[in-house]
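Enquirer: Following the hints, complete the assembly by docking chain B onto the known chain A.
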Amino acid sequence: GAVVSQHPSRVICKSGTSVKIECRSLDFQATTMFWYRQFPKQSLMLMATSNEGSKATYEQGVEKDKFLINHASLTLSTLTVTSAHPEDSSFYICSAREDRNTEAFFGQGTRLTVV
Amino acid sequence: EDQVTQSPEALRLQEGESSSLNCSYTVSGLRGLFWYRQDPGKGPEFLFTLYSAGEEKEKERLKATLTKKESFLHITAPKPEDSATYLCAVEGSGYSTLTFGKGTMLLVSP
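These protein sequence lines are chains A and B, in that order. Mapping of the first sequence onto the numbering used here: residues 19 to 133, in sequence order. Mapping of the second sequence onto the numbering used here: residues 392 to 501, in sequence order.
Treat the hints with care, as some may be off.
Here are the simulated distance ranges between beta carbons [what the hints assert, rightly or not]: (1) A:77 <-> B:431: 39 to 45 angstroms; (2) A:101 <-> B:408: 48 to 54 angstroms; (3) B:403 <-> A:31: 34 to 40 angstroms; (4) A:58 <-> B:406: 37 to 43 angstroms; (5) B:431 <-> A:25: 28 to 34 angstroms; (6) B:500 <-> A:63: 29 to 35 angstroms; (7) B:398 <-> A:79: 25 to 31 angstroms; (8) B:417 <-> A:23: 30 to 36 angstroms; (9) A:118 <-> B:448: 15 to 21 angstroms; (10) A:77 <-> B:468: 36 to 42 angstroms.
To be clear, the hints were calculated from the coordinates, so they are not data collected in a lab. Ideal Cβ placement from N, Cα and C applies to all residues, glycine included.
So that you can see chain A by itself, here it is in the shape it has in the complex:
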């Protein structure tokens, strides 16, 4: 299957600081990328959908000013958690899709811990 690389895999940051997570599609061009959040023993919760070159579409209840998403190229999307707080600690996962007729492939996830 296609490869999606997510970096970093783990990050610890201090409360009030910002953290950037990168998601790259390595062997295909992703017209659409998705960002999810996953709590322990829970399903994946979609945070936002981004299409290359346009603004991300956020799901209801997700603060767009707190979770900044940029999809500047067909192979790279970034999620920046701004002014992080302990309640933002979670497992964040990206996925990428070449188009609607192909499967979505996932990155390996980022464990964020805010202290």
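Expert: Just chain B, lined up with the frame of chain A:
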């Protein structure tokens, strides 16, 4: 609103003991049903896509089937390395996002 319910929540099998995982769904116009495997602390790994009722797909010890209301993931003679959480997701016809179930945590003991 699309909904996906997976059962059981957890399943413990002995090595070689075959079983099935269930994914019940409601969706407006199914474009696809997806099965993923997720290991602890990792992102989901794609397994199968099913598009229409009656379709079946196989990969090693796994076989996925689809009806108009549910999908089954059959595991034949599982091995300990099949231990993981198996996620089911659906995509409706009107948009490109996936709705996931909570998953079934499978543990295969030697």
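Enquirer: Among all the numbered hints in the text so far, which are the ones the structure does not match?
Expert: 1, 4 and 5
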